[in-house]
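Enquirer: One letter stands for each residue in the lines below.
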Amino acid sequence: MALLKRLAELDRPQVDFVLDGQPAIALQGDTLLTALLCSVDALKGSDFSAEPRAGFCLMGACQDCWVRLEDGRRVRACSTLIEPGMQVTREPGRQP
Amino acid sequence: MNSTHVVIVGAGPAGVRAAETLVRKGVAPVLIDEGMRAGGQIYRQQPQGFSRPAKALYGFEASKANAIHVCAEDLASQIDYRPKTLVWNANADTLDLLCDDRFEQLGYDRLIVATGATDRVLPVPGWTLPGVYTLGAAQIALKFQGCAIGDPVVFAGTGPLLYLVAYQYAKAGAKVTAVLDEAGFSDQCRALPGLLRQPSTLAKGLYYRAWLLANGVRVEQGASLVRIDGEKRVASVAWQQGGVEHSLPCSAVGFSYALRSETQLADLLGCEFVWSPLNRAWLPRRDASGRSSLEHVYLAGDGAGIMGADAAEMAGERAALAVLQDMGIAVDGARAEKLERGLAQIERFRDGLEHAFPFPEGWAAKADDALMLCRCEEIRVGQLRDVVRAGAVDINRAKALCRVGMGRCQGRMCGAAAMEIIACESGLTIDSVGRLRGQAPIKPLPFAVGPDA
Ligand SMILES: Cc1cc2nc3c(=O)[nH]c(=O)nc-3n(C[C@H](O)[C@H](O)[C@H](O)COP(=O)(O)OP(=O)(O)OC[C@H]3O[C@@H](n4cnc5c(N)ncnc54)[C@H](O)[C@@H]3O)c2cc1C
Ligand code: FES
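Sequences listed follow chains A and B, in order. Residues 1 to 96 (the UniProt record's numbering) make up the first sequence, in order. Residues 1 to 453 (the UniProt record's numbering) make up the second sequence, in order.
No lab work stands behind these hints: they were computed from the structure. Any given hint could be a false lead.
Said to hold, decoys possible - EDC-like cross-link-like pairs, simulated, lysine to aspartate or glutamate; straight-line CA separation at most 16 Å:
1) Lys-171(B) <-> Asp-41(A)
2) Lys-232(B) <-> Asp-71(A)
3) Lys-232(B) <-> Asp-41(A)
4) Lys-366(B) <-> Asp-267(B)
5) Lys-55(B) <-> Asp-41(A)
6) Lys-25(B) <-> Asp-229(B)
7) Lys-84(B) <-> Glu-61(B)
8) Lys-366(B) <-> Glu-425(B)
9) Lys-84(B) <-> Asp-96(B)
10) Lys-55(B) <-> Asp-93(B)
11) Lys-204(B) <-> Glu-61(B)
12) Lys-171(B) <-> Asp-151(B)
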């Protein structure tokens with residue numbers, strides 16, 4: 001279930017991407033964080049306890065939103081715009 | 001154009017006005033900013049293709065926002081403007097940049113550091129749950145993405161952003177269940193004399209609060225966050241008020257305690273730092289003109305002490321005038337003096353704000369040993385207290401021993417809280433537990449991030 005709720009700017013063109021192997025839809029101009037959290041309620045599991053995390057500062061400061069793309073790039077989800085065809089697989093984090 | 005290399009880091013109100021001032025005198029600076037578009041935090045622009053008008057995004061501040069955006073646009077063709085570029089290291093004559101996964105080095109003769117601020121955070125149980133964000137984050141979600149961090153939402157903490165963000169959410173159609181103001185009503189009355197020096201800012205704050213009350217939003221004062229509960233995401237929030245615990249269901253919480261300056265670059269450059277009781281933080285020393293302790297380094301805007309956006313514009317211009325003066329270029333001395341007077345006046349107003357939104361000094365004593373202090377390395381308050389009891393009463397020593405402040409965010413989120421815990425546990429004053437040092441890269445680089453990278 002989505003974490004964020006869209007309130008405005010709903011008329012933007014759709015962008016297709018792939019989330020955990022499933023087709024997903026975002027809107028042009030979404031950050032990766034917005035794109036993911038309008039579909040699901042976490043970005044990843046935390047590094048040390050696999051607790052769900054969904055970012056915190058949205059301004060590139062907390063570093064709690066790094067995700068790995070299929071092409072091997074690691075990016076900060078809050079400061080990276082979604083691109084058509086992007087493939088994101090959420091990392092489960094490390095079990096304690 | 002002059003051949004001296006002047007570089008400005010940060011394209012918020014401070015950096016943009018600095019660039020404008022230099023260009024007017026024929027000096028074309030390099031303007032570097034991590035953001036996609038100029039404007040900084042308060043005047044952050046929505047991505048291309050969004051259509052809300054400035055009034056909807058910036059409210060009372062729409063005309064100032066427009067002015068900065070137009071100024072930045074005009075400058076773009078006259079200077080070397082580099083958006084989406086991070087300065088991740090700095091030394092006496094060179095900056096290390098990262099842009100689109102490419103590294104570059106940039107030399108400079110004079111440097112204006114205008115790096116702005118981020119939210120100041122004090123952890124609360126449950127603060128790592130999805131749905132918990134800073135107040136600044138809540139505003140960015142709305143302003144930059146047209147999204148609410150959840151619905152219904154509760155806002156808590158203190159600082160000018162608290163009522164502003166709650167108002168912006170309610171206006172945009174989100175259900176704001178409650179505003180939990182850490183400050184009591186009496187704090188705000190005591191602050192009035194200072195606040196009255198800037199009646200328009202005071203009027204805005206009162207307006208947001210009155211609007212929220214008139215629109216049926218519950219506003220609680222003297223309310224301290226106790227806990228945010230939920231299984232895999234936020235389900236409810238609990239707070240304490242006058243010794244009684246209350247709770248409310250909600251799906252998101254936005255909270256923070258005013259702002260903290262981004263000082264890492266000034267630190268790497270070797271600027272001298274001084275303790276600021278008002279900011280409750282170590283800040284790079286700057287004089288009235290924005291000159292730092294280093295000959296070629298100038299400081300402007302919230303990155304060297306929180307004074308707000310209007311002051312940032314003035315400080316940016318003033319610092320640029322100082323650069324020009326130091327290059328031997330004649331400037332309008334009366335203008336420089338006027339800017340300094342304006343800044344001094346805002347500084348006095350800041351005093352009032354600090355009383356209206358006081359720092360919750362009792363936070364550390366109340367923090368439970370099990371509370372997650374550092375969200376990067378998942379260090380708990382008790383682990384820090386252990387090393388303090390074993391003698392590590394300096395923040396850098398404590399960091400080496402228990403890793404607090406050593407994670408990816410370099411203490412941006414936990415540093416203020418860690419200092420409070422050390423001071424409380426050791427009995428030292430907050431200004432004698434040392435200053436958390438910055439390290440390059442000041443933000444993780446994409447190629448070497450994460451425990452397995
Ligand atoms: C999220 C947030 C929201 C805010 N909203 C409001 C508001 O609505 N109303 C209000 O009155 N005040 C608000 N404030 C306070 C206001 O932002 C500041 O007073 C004002 O923006 C300060 O301007 P500045 O130019 O000093 O810094 P900023 O506007 O913060 O600009 C600094 C710029 O520097 C860039 N930068 C920093 N470090 C680096 C680096 N190493 N490399 C490259 N670029 C870098 C940043 O990306 C940013 O664009 C807000 C603050 C925050 C953090
Ligand atoms: S959410 Fe904090 S860095 Fe992205």
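Enquirer: Hints first: check each against the structure and report whether it holds.
Expert: Hints, one by one, checked against the model:
1. Simply put, Lys-171(B) and Asp-41(A) have alpha-carbon atoms about 25 Å apart, too far for the 16 Å limit, and the pair is violated.
2. Annotation: proposed proximity of Lys-232(B) to Asp-71(A) is violated, straight-line Cα distance about 29 Å (limit 16 Å).
3. Between Lys-232(B) and Asp-41(A) the CA atoms are separated by roughly 8 Å; this keeps the pair inside 16 Å, and the hint holds.
4. A hinted pair counts as satisfied when its Cα atoms are at most 16 Å apart, and Lys-366(B) with Asp-267(B) does not qualify at roughly 31 Å.
5. The straight-line distance between the Cα atoms of Lys-55(B) and Asp-41(A) is roughly 31 Å, outside the 16 Å bound, and the hint therefore fails.
6. A threshold of 16 Å between alpha carbons decides the hint, and for Lys-25(B) with Asp-229(B) the separation of about 56 Å lies outside it, so the pair is violated.
7. With a C-alpha separation of about 25 Å, the suggested pair Lys-84(B) and Glu-61(B) falls outside the 16 Å cut-off, and the hint is violated.
8. With a C-alpha separation of about 11 Å, the suggested pair Lys-366(B) and Glu-425(B) falls inside the 16 Å cut-off, and the hint holds.
9. With a C-alpha separation of about 14 Å, the suggested pair Lys-84(B) and Asp-96(B) falls inside the 16 Å cut-off, and the hint holds.
10. Between the alpha carbons of Lys-55(B) and Asp-93(B) the distance comes to roughly 42 Å, so the proposed pair goes past 16 Å and is violated.
11. Restraint check for Lys-204(B) and Glu-61(B): the C-alpha separation of about 10 Å stays at or below 16 Å, so the hint holds.
12. In summary, the hint linking Lys-171(B) to Asp-151(B) is supported, as the alpha carbons are separated by about 13 Å, within the 16 Å threshold.
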